[in-house]
Amino acid sequence: MDLITEPLSFAFMQRALYAGLAVSVVCAVIGVFVVQRGLAFIGDGLAHACFGGIAIGLYLGTDVENAVWMAIPFTVLIALGIGFVLRSSHLRGDVATGVFFSFSFALGILFLGLRSAAARPVNVESLLFGSILAVSPEVLNVVLIVSATALVVTLLLWSRLAYAIFDPELAAVSGVPVAALEYLLLGQTAVVIVVAVKTVGIVLVSSFIVIPAAAGRILGTTLARATMLAVAIGAAGAAFGLVASYHLDVPTGATIILTHCACFAVALALSRR
Amino acid sequence: MSDVPVGGGEPQAPTPAWATSLERREHAQKLKQTRPDPGAPRVLDVDHVSIERGGKLIVDDVSFFIPKGEFVCLCGPNGAGKSTLLKAVMGLLEPTRGKVRIGGEPPERARHKVGYVPQRKSYSMDFPARSVELITAAVRGRWPAHVKPEERERARAVLAKVGGEKLLDKPLAGLSGGETQRVFLARALVTEPALVILDEPTAGVDVSGRAELLRLMVEISRSDELAAILVTHNLGAVAHTAERIVYLEAGRLLGWGLPDELLGQSSLTALAFAGTDHARHRDEE
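Residue numbers (the numbering used here), protein chains in the order written: chain A, 1 to 273; chain B, 274 to 558.
So that you can see chain A by itself, here it is in the shape it has in the complex (with noise of 0.2 Å):
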């Protein structure tokens, strides 16, 4: 039990783990409706979009910390300009994405290049990779109550979500407001990435929305199921991985990830038995 226990008798280990756990089971949530709707890439797109909004935030006098903030606006215009695109043309969801996440992204290196020589200078490289064990406790609690709010809405959207997801003609036909809950589910993802990039890092994000909810899908032979699948591969693979990579004393967001890579395997195994 020294296995478990000894790491997480430390403060930092213990929001760490907070935090993994709230972050991956609202992205395992979430990502069962984005990757059923064709939208695997989107992650990326909105974590790189997120990038664009700390840029923005940086130009204008603040610091990493508070830029994040300031990037949820940002990245939720973004989703939904993504959303708009995908509703009023006939281009895909991954050529809608590649268009935003291009446009974002430049955005923010042209305004971190427009910053003053005497501005701070800005560790991108812990905006790419993220430091989930360094989650302050103010980030923690921003982490959990921006989780449990989009957890809560999502679930108790799911039975309309999922009938949008399926064919969003039937579900219209029947009375469920497709088109709104189409911009929901996008902005609620643009807010948990944001959320997520400051625990696992823009790079590593989408991992956390697509190789749980893709692991459940393969072995779900149901929504519900691939849903709850999702969420307990997500949350196992969080907890397993910190630990892990605290006694291989290796960066944890990559040891997260690969664990969720390693879970998706096996599900790919199982399903072929």
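Note that these hints are calculated values from the structure, not bench results.
All values reported here derive from a predicted model rather than from experimental measurement.
Hints are supplied without guarantee of correctness; some may be wrong.
[Said to hold, decoys possible] Which residues of chain A face chain B? A partial, calculated answer using Cβ under 8 Å:
id : residue
1  : 158
2  : 160
3  : 162
4  : 170
5  : 175
6  : 217
7  : 223
8  : 226
[What the hints assert, rightly or not] Per the computed footprint, the stretches of chain B lying under chain A, defined by three or more beta-carbons under 8 Å from a beta-carbon of chain A, are:
id : segment
9  : 355-367
10 : 414-422
By construction, the Cβ of each residue, glycine as well, lies at the ideal position given by its N, Cα and C atoms.
Position chain B against the provided structure of chain A, taking the given hints into account.
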């Protein structure tokens, strides 16, 4: 196409109230009654409907109605405005002019009266769902996380009606084209609608399955006295089962009448045999 008669010139003889749809059709043919009896109770009423989208007129002043128990084929070439008109009938689109009424109510208030069988390509084919959940979703108006025993029994009964009882717990992704459309037909029937819309239901179904599926749809429509609209390009396969044909071209209603009468017209005949062996032999000659 201006030579296609729109019918309705003859005086309309009243149809006996007791007649089944098949008897009504024979009765109408005997009387050369091109259009349905205007006094019959109307399930669907499309009244001078025009629809513009992006500044383009897609549907241009279309009027027709479907009485209880009538099986109608809505046909026309690509871009005729069939899908746009269907969306207005289902309440997904507001007509620019005119009105649609289902049992006397606007479509958005009559959703429970409409059963819809979509084209096979329209939904997410890899969605993790079983037939029982799809059918229950139609009853609840939302996707079920858990199906109650009474909902399961209702789904089983309606699947049995379409000859698909064994499909109840099968994942949708593993069904053949014909099996999938049986499940969707059950889904459309489970709410006991007054009007069933069948949007190219035999697309993606093998040739032998098509005839069987079509026979089933017509049979149910007649036994349950349901009004049904079948949208199809393959007019040849349905021309002699539909009671009436509504023919659209370039957004305009160019024909509404009995199949035998309208199929005498050249463009409708071309549509009926498009893509068939008849058409290939004719083209080769």
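Verification of the supplied hints:
Because the closest C-beta pair between residue 158 (chain A) and chain B is about 7 Å apart, less than 8 Å, the hint holds. Nearest Cβ of chain B to the Cβ of residue 160 (chain A): about 5 Å, under the 8 Å cut. The hint holds. Nearest Cβ of chain B to the Cβ of residue 162 (chain A): about 4 Å, under the 8 Å cut. The hint holds. Because the beta carbon of residue 170 (chain A) sits about 6 Å from the nearest beta carbon in chain B, less than 8 Å, this interface hint is met.
The closest approach between the C-beta of residue 175 (chain A) and any C-beta of chain B is roughly 5 Å, which is under the 8 Å cut-off, so the hint is satisfied. At about 6 Å, the closest approach between the beta carbon of residue 217 (chain A) and any beta carbon in chain B falls short of 8 Å, and the interface hint on this residue holds. Checking residue 223 (chain A) against chain B by beta carbon gives a least distance of about 5 Å; that is within 8 Å, so the hint holds. Because the beta carbon of residue 226 (chain A) sits about 5 Å from the nearest beta carbon in chain B, less than 8 Å, this interface hint is met.
Evaluation of the coverage hint for the segment 355-367 of chain B: fulfilled, as 3 residues show C-beta separations to chain A shorter than 8 Å, against a requirement of three. Counting residues of the segment 414-422 of chain B whose CB lies closer than 8 Å to any CB of chain A gives 6, so the stated coverage by that chain holds, three being the minimum.
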